[in-house]
Amino acid sequence: MKKKIKSYLAFTSNGYRLWGLVLIPALLFVATYFAFSDLAYDHSWGLFVGGAFILFYEIFSDYWLFGGICGRQAEYLKTSLGGLPLLESALAVDLMRRFLYAMVFSAICYTKSRKPEAFCVGLMIYLMAVGMLNITRYLPGVIQQMMTAFLAVVVFSLYGAATLGMHGGILELVILIAAALAVSIVTVWHVLQRMKGSYYEKESEKGN
Amino acid sequence: MKKNLKKGISLIRYGAAFKLNLVLFIIMFVLGIAFEVLGFRAVGTKMSLNSGFMGIDLGAVFLLCTAAFPGQMTLSVDLSALAQTSPHKKNIQTSMVTKMNLVFSLIAMTLVVVIRLIMCAVTHTGITEGLGNLWYSAGILEFVLLLFFAVCYKYFIATMVVMYLVLMAVGWGLGFAVGSGVISAMTLILHPVASLLVSYAFLILGAVLGNGISRLLYQKNLSKFAFGISMQRTK
Numbered sequence: 001m002k003k004k005i006k007s008y009l010a011f012t013s014n015g016y017r018l019w020g021l022v023l024i025p026a027l028l029f030v031a032t033y034f035a036f037s038d039l040a041y042d043h044s045w046g047l048f049v050g051g052a053f054i055l056f057y058e059i060f061s062d063y064w065l066f067g068g069i070c071g072r073q074a075e076y077l078k079t080s081l082g083g084l085p086l087l088e089s090a091l092a093v094d095l096m097r098r099f100l101y102a103m104v105f106s107a108i109c110y111t112k113s114r115k116p117e118a119f120c121v122g123l124m125i126y127l128m129a130v131g132m133l134n135i136t137r138y139l140p141g142v143i144q145q146m147m148t149a150f151l152a153v154v155v156f157s158l159y160g161a162a163t164l165g166m167h168g169g170i171l172e173l174v175i176l177i178a179a180a181l182a183v184s185i186v187t188v189w190h191v192l193q194r195m196k197g198s199y200y201e202k203e204s205e206k207g208n
Numbered sequence: 001m002k003k004n005l006k007k008g009i010s011l012i013r014y015g016a017a018f019k020l021n022l023v024l025f026i027i028m029f030v031l032g033i034a035f036e037v038l039g040f041r042a043v044g045t046k047m048s049l050n051s052g053f054m055g056i057d058l059g060a061v062f063l064l065c066t067a068a069f070p071g072q073m074t075l076s077v078d079l080s081a082l083a084q085t086s087p088h089k090k091n092i093q094t095s096m097v098t099k100m101n102l103v104f105s106l107i108a109m110t111l112v113v114v115i116r117l118i119m120c121a122v123t124h125t126g127i128t129e130g131l132g133n134l135w136y137s138a139g140i141l142e143f144v145l146l147l148f149f150a151v152c153y154k155y156f157i158a159t160m161v162v163m164y165l166v167l168m169a170v171g172w173g174l175g176f177a178v179g180s181g182v183i184s185a186m187t188l189i190l191h192p193v194a195s196l197l198v199s200y201a202f203l204i205l206g207a208v209l210g211n212g213i214s215r216l217l218y219q220k221n222l223s224k225f226a227f228g229i230s231m232q233r234t235k
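Those protein sequences? They're chains A and B, same order as listed.
Every letter in the first sequence is one number past the one before it in this note's numbering, and letter 162, counting from 1, is 162.
Every letter in the second sequence is one number past the one before it in this note's numbering, and letter 19, counting from 1, is 19.
Be careful, since some hints might not be right.
[Unchecked claim] Straight-line C-alpha distance at most 35 Å; calculated DSBU-like pairs for lysine-lysine:
{"#": "1", "chain 1": "B", "residue 1": "220", "chain 2": "A", "residue 2": "6"}
{"#": "2", "chain 1": "B", "residue 1": "154", "chain 2": "A", "residue 2": "6"}
{"#": "3", "chain 1": "B", "residue 1": "220", "chain 2": "A", "residue 2": "78"}
{"#": "4", "chain 1": "B", "residue 1": "2", "chain 2": "A", "residue 2": "78"}
{"#": "5", "chain 1": "B", "residue 1": "89", "chain 2": "A", "residue 2": "3"}
{"#": "6", "chain 1": "B", "residue 1": "154", "chain 2": "A", "residue 2": "78"}
{"#": "7", "chain 1": "A", "residue 1": "78", "chain 2": "B", "residue 2": "19"}
Calculated directly from the structure, the hints in this document are not laboratory data.
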């Protein structure tokens, strides 16, 4: 485990660690505690409003870290046998970190509002963020990433608005956990396939 | 102005990942129009994309962000060593990009206004209700976005942080205040002509400031975070 965390830290710059892992999430969690969870107490859609911000942050910040990694090939880590395992560890720890932050959001909302749907919404945030990451890791620019993050937020909010008050069942929780596991495995596998394919130049340089 | 603009537009197809960007541009443009049309509701309702769920008109934001695509594509030409040998290398990053941003943003904003007017006519809403909130749901954000696009390629991290803060403050603050009734949506509504003028004023101000800032920051290297791993070369 320690080795995996070390691999993850090898990918992250100081700026990302300070702003992306500590300060911005702290700001979001403070806002959740003081504002969104109160909204959640009164109206369920408060959970989705807070969730929308967390979702935007998760997708947009990923650009900093693994942006464009599935696109035209990155040339690093290929001179060593330890390169791919390093990448795999970093990806896995990144997903674990996202899950943890989503659960912290749910926990804060739950402590104040006592609504079990907080955990469902947290899992939905995780699912949506990781699902979109499969797409955004192909994107070559800042604007595209930002707009995809906005798009995810819109879809999430519309879904939340359409299904208000229908969340919180045990069955739903089980389904969401299973889906989260499946999506996580697929995401890591997806990036590694692209990296392995680049050894054989699977993707021709067609001016993509 | 025209010469730089024409040159900038002719450089778009030489930008990085042109076909992918073109496809994304078309998808986002269509989605933007769809959100603007489908999300249109009169100002009084609480949860509509138009009137201020999160205080921002997401359809308009989509269209206005789409307007910055051509600028980014032209900017990516400047990443290449060949462009760096040209006498226009400074122009590419400063004049061409900001002028393209200005022109395309004006077109996008006009498109937003036209769509809203059509939706007002179709749904029989008053023009005051339909356009009156444009200044805060799209105008302020466009100002912030234009400044963001001018700075983000140089100071990616700092601008991202500031953008989060502004998004949260403007978007959530307004949305929360309106949604919970602290500020009535009606008090933020301006006369439609005033709202239009304010929005366009924000846009032009943002473009002018963006131009100035990009000139000031020209000497700084392009931030390597801003172009993703796929665009970084091993050196």
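Proposed proximity, residue 6(A) with residue 220(B) (alpha carbon, max 35 Å): holds (32 Å)
Is the straight-line distance between the alpha-carbon of residue 154(B) and that of residue 6(A) 35 Å or less? It holds: about 29 Å lies between the C-alpha atoms, which stays within 35 Å.
So if I understand the rule, the pair passes when the alpha-carbon distance is 35 Å or less; does residue 89(B) with residue 3(A) pass? violated (45 Å)
Can the restraint linking residue 220(B) and residue 78(A) be considered satisfied, given a maximum Cα separation of 35 Å? With a Cα-Cα distance of about 31 Å, the restraint between residue 220(B) and residue 78(A) holds, given a limit of 35 Å.
What's the verdict on residue 154(B) and residue 78(A), does the C-alpha distance respect the 35 Å limit or exceed it? Within the cut-off at roughly 29 Å; holds.
Satisfaction of hint between residue 78(A) and residue 2(B), Cα-Cα up to 35 Å: Violated - the C-alpha atoms of residue 78(A) and residue 2(B) are around 47 Å apart, more than 35 Å.
Assess, step by step, whether the Cα of residue 78(A) is no farther than 35 Å from the Cα of residue 19(B), and give holds or violated. holds (28 Å)
Of the hints listed earlier, those the structure fails to meet are numbers 4, 5, in rising order.
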